[in-house]
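*Asks:* Here is how the chains run, residue by residue.
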Amino acid sequence: MTSNTFIKNVEHESAIKHVTGRAIYTDDISEPRNLLHAAIGFSPVSKGIIERIDFSEVLNSDGVVDIITDRDIEGQNDVGPIFKGDKIFTSKKIEYHGQPIFAVIASSTKLARQALLKVKLKIKKQTPIITIEDAIKKKSFVLKSKTIKRGKSSSAIANSKHRLSGKLECGGQDHFYLEGQIAMTIPQEDNNFLIYSSTQHPSETQQIVAKVLNQKFNSINVKVRRIGGGFGGKETQSFLFAAISSIAAKKLNRPVKLRIDRDDDMIMTGKRHPFIFEYEVGFSDNGRINGLKILMASNCGISADLSGAINDRAIYHIDNAYFIPNLDLTSHRCKTNTVSSTAFRGFGGPQGMFCIENIIDHIAHHLKKEPANIRVQNFYKKNHNNITHYGMKIEDNIIEEIFNDLKKKSNYTMRKKEIEKFNSSNEILKKGISITPVKFGISFTTTHLNQAGALVHIYTDGSIHLNHGGIEMGQGLMTKLALVAANEFGLDIKDIKLSSTDTEKVANTSASAASATTDLNGGAVLNAIYNIKLELDEFIKKNYKTKKITYKNGKIICDNKILQFKEVISNAYLNRIKLYSSGFYKTPKINVNVKDLSGRPFLYFAYGAAVSEVIIDTLTGENKVLQVDIIHDVGKSINQRIDIGQIEGGFVQGLGWLTTEEISWNKDGNILSHSPSTYKIPTAAEIPEKFNVEIYKKGFNIEKVVNRSKAVGEPPFMLAISVFSAIKNAVTNKNQNSKIINLIAPATPENILKSINNEI
Amino acid sequence: MLSSSIEFLLNNELITINDANTNTTVLEYLRNYKNLKGTKEGCASGDCGACTAVIAEIKNNKLKYKSINTCITLLYSLHSKQLLTVEYIESKYLHPVQQSMIDNDGAQCGFCTPGFIMAMYAMHKNKIRPTESNINRYLSGNLCRCTGYRPIKESLKNLKKYKNLDSDTSKVFKKLKKIKLKDVALNNDGAKFYIHQNLKSFKKDFLKSNNPSLLVGGTDISLDITKKRSNLNEIFYLGLNKNLNYVKVRSNNIHIGAATPINDILGTLKKYYPTFYEMFERYGSEQIRNVASLGGNIGSASPIGDSLPVLISLDAMLVLDGLKSRKIEMSNYFVGYRQTKLRKNEFIKEIIIPLKSKNNIHKCYKISKRIDDDISSVFMAINAEIKNNTIKSIKIVCGGMAATPKIAKLTEKYLKNKKITYENISKAKLIISKEFSPLSDVRGSKNYRTKIVSNLLDRFWNEYNNKKVTVYDF
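These protein sequences, in sequence, are chains W and Z. Basically my numbering = 1-based index in the first sequence + 3. Basically my numbering = 1-based index in the second sequence + 36.
Extracted from the complex, chain W is given alone in its bound form:
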């Protein structure tokens, strides 16, 4: 690992291309001449049996070339990532609204979409399971339930001076990446296929398409330059579309593009897991938690997909930043007749933290004490109370510093007093404020995924080509990695050419997920460069008779002379020095016992805290965020501009999850919120004018991660729990005498009004 550290706050590597419309996304790639277009026909009901399908009018429709069904699949009819269960096409059993039945291949997307409406389906409807409660009652699970225990929670609760119990609920969330799902498959020679896909996971796309086509992995090549947002929604959900375009391309031996309409995308693809919680907590006079019992259950939809790891992460984050000495937790992974729930920024972490933060608020309300103090009371400490419920010792704890720092900077205490004043003279409008912490574990909890590769070329003119296994989805990965490479060679970021992520360049990569993409690929890039330098430095030492070699500003500084990087490279080539290398990285130290989840699942933690102030209208439930203050830890930042963007963007996405974004199903299990007119992500007006975001100035990663930085993709998402907590605080300020404040997430105006009226 490098000892160099650097901060180069350059803009996103594609910034100019973004603002000029010259950045190329999958649908913008020059289309092959004989391209065909596909559209998917999916189930209009959530459960049933297909009794008859009549395609005759579809086939006669304008521009139609063919229809693809499960009969056209040579290999497996499944795109499930870890577990089987995600069928490409069904021909008999319908298990959820939006389940694909066939695809139409036509001369244009428009004609394909028009044609598929002409199908005649006769379906015998059956009664679906839609809710978590119903699934539990019917013991309908996608995976075995898990229980983890620490100490003796029953007796700890029984012996506590105070005991409370309650129920909580948080909803799902649609990813609403602005670029919808899309794939284009182009046949190559020898039945090989080149796939352009908007995916966070090219390697698994390759593997799954190969299995679907019944071919070897090496016959499929997946390329991705950038995607228009992912957020977890293209970690596995993109496979279906790549598979279908590839089945069609193989059958017809023509390139096929499959671009999904927004509404269809929102119907057909998985979302964040909704959760319900039941808890029982015992605590002391000062609010210290002695024992906690939790039953958590999530709606996983129809299949396992990534639900195992997502629910595990919810378990791993039930403590957030708090030491819970006695814990008894059961986690159900419910199977329902809805589209399979999937990865979404935070990956179960937000739901786990949502639970504990609400419990803390409940404790504070019961004791009539300042919630911020209850939080501090329960924080993990540095030298004691520093072992998590899964047995990992926390070695990098800085939550108290950040929390107290923010409390001071945001004038929390003074503002709280002002709010009290405001509330006492306002009957209808009530303000609320809350400060909440975040501690988020970094690494894939599935240990073997924590590996990455990179490929670095120096061409003979000294220009550099950089390739790795990560996907640029707006998070600035490419910018950070180019900075890492530029820094190592003492070059400008403009000297580094970033190329599309490509399964033919770096093999067996993991998804760009779990926030760790820069950590992993950054490590691999560094190792590739060290491999090059091993030989190159040796050559320089010998050839230029120097002991010291420093790469800086396009030059190589030696003992007595300064060389031009370009000249040295050209000279090295002539002396037959290898100027390219791959690099490999695997995260050290981590291990997990898959049975009881114990061990060290994470290399380190990222920390942060947020204060949110809100105002609610107790007549209508309308609400507004008035001010947000954040301090967040990104270690030693590689690029602060990009990190700030992740913090703010993550926060606002979390804000949407907990306020305006509500997924609605009707009682038959059909999704009703499948367009931006019925599903409302935040707009510019949801963001407070006072939105103060600061990177924790003393940030440093005690683990040897590239530049000693920390992962930043997911952790800030959970800072938005402060908004929910503040809204609850505002409701509390209206209903001082209620024993318990129940508020369902998302805190829509309707849910807030229900909470005020004690209708939950």
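I should point out that these hints are in silico values taken from the structure, not numbers from a laboratory. There is no bait here: all hints are sound.
Dumping the calculated PhoX-like pairs for lysine-lysine here, alpha-carbon to alpha-carbon at most 25 Å:
(1) W:Lys-536 / W:Lys-497
(2) W:Lys-20 / Z:Lys-199
(3) Z:Lys-465 / W:Lys-737
(4) Z:Lys-463 / W:Lys-737
(5) W:Lys-410 / W:Lys-700
(6) Z:Lys-70 / W:Lys-20
(7) W:Lys-121 / Z:Lys-263
(8) Z:Lys-263 / W:Lys-123
(9) Z:Lys-196 / Z:Lys-161
(10) W:Lys-670 / Z:Lys-482
(11) W:Lys-123 / Z:Lys-264
Far from chain Z by the CB rule (all over 10 Å, computed), these chain W residues:
(12) Lys-95
(13) Ile-390
(14) Lys-700
(15) Ile-763
Predicted, not measured: the structure shown is a model, and the values here were computed from it. Where is the CB? At the ideal position from N, CA and C, for every residue including glycine.
Go by the hints and put chain Z onto chain W.
*Replies:* Chain Z only, in chain W's frame:
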């Protein structure tokens, strides 16, 4: 004097076209026919703004700029206009809005960015001051999922730092002036697209048509193409019809041509009915308000159209035309879900809003999940004449409570001639809570809607007493 093709400027290129399908959207045209791929499709329903481009048209001898959603704008409606796309605005240097977006990190994944750039470009062209409320208003139609908007807003606030490099527009002006404003009748394999310049010629073709689709902004009807995937066979574009595009104040009435874009009537509304004007600030988005018309909102007869309750509360009249002209009160116009008293071969020609006396209190209350660009769970318009603390007359009209906009008749009856006291309002709250039986849907449950209409009378009472009682006051 009929033309069988349309002419428009695509950036600087003069396009004459008649061979594209009449249902082609501008977005499809840009991406599939012209290979201009900077403009993106995000939703194909006019909700996300990724496809935003800018239209320049001559109004009062000046070029006027409007942001539009190209995904729901039909190609042939571009006649006589200039369409500006993201590819155009970059000259030798980046445009200030582009440079500012870079410097403020306004793009992450970049997919929504060209749409934002064009929305910002329109703001810049129209010299809109980048205040917080103006920014929210002009960007309400653009969704970004990555940045959280702060840097995008910052880009606008920092625009003054950049030198204005605006190019000379006189050439464009001349080119647009050269396009002759003739009626257009296009016929592609039986699918027709008409553009008329005046009422007389429109009526002639309209009365002959079997299944006419009247198009202004296309904010509703274009979704038949993009979402229902149907074909519209006889389209009448009314956006250039001068007899349907006007706003006039005459003898105590505001007369609004049915096809007049909402943004063009706001000036007049602001003067006479500021509450109606403010209501439009949260109506759709800037892209929608730029093209959508009152006639369209009334014509589509959706029970969730926010302007309908307001117009009914103001005793608005409609002028219907066709074989002959007739007037109808808006309160009598709606008969069922998307059903109206409009007959076959009739169209809405004009909306007449009477001006009220100064004693009238008018309020518009919109309750929705999201502040901007959202459809109401409940909408309420109240128009009351209060003298000496007595309610002389009152109109209470609600949207979202039934299949049509609904008048709270019992509540009105109860309140009429009552003193305005909290006691009476409380009784009215009870009455109104029993007056409707709304549905539960994605925008709110029956229970919630019922509570809200009742509680909004509370809001009315408080505002009557000059208290700040909405979160929007903060």
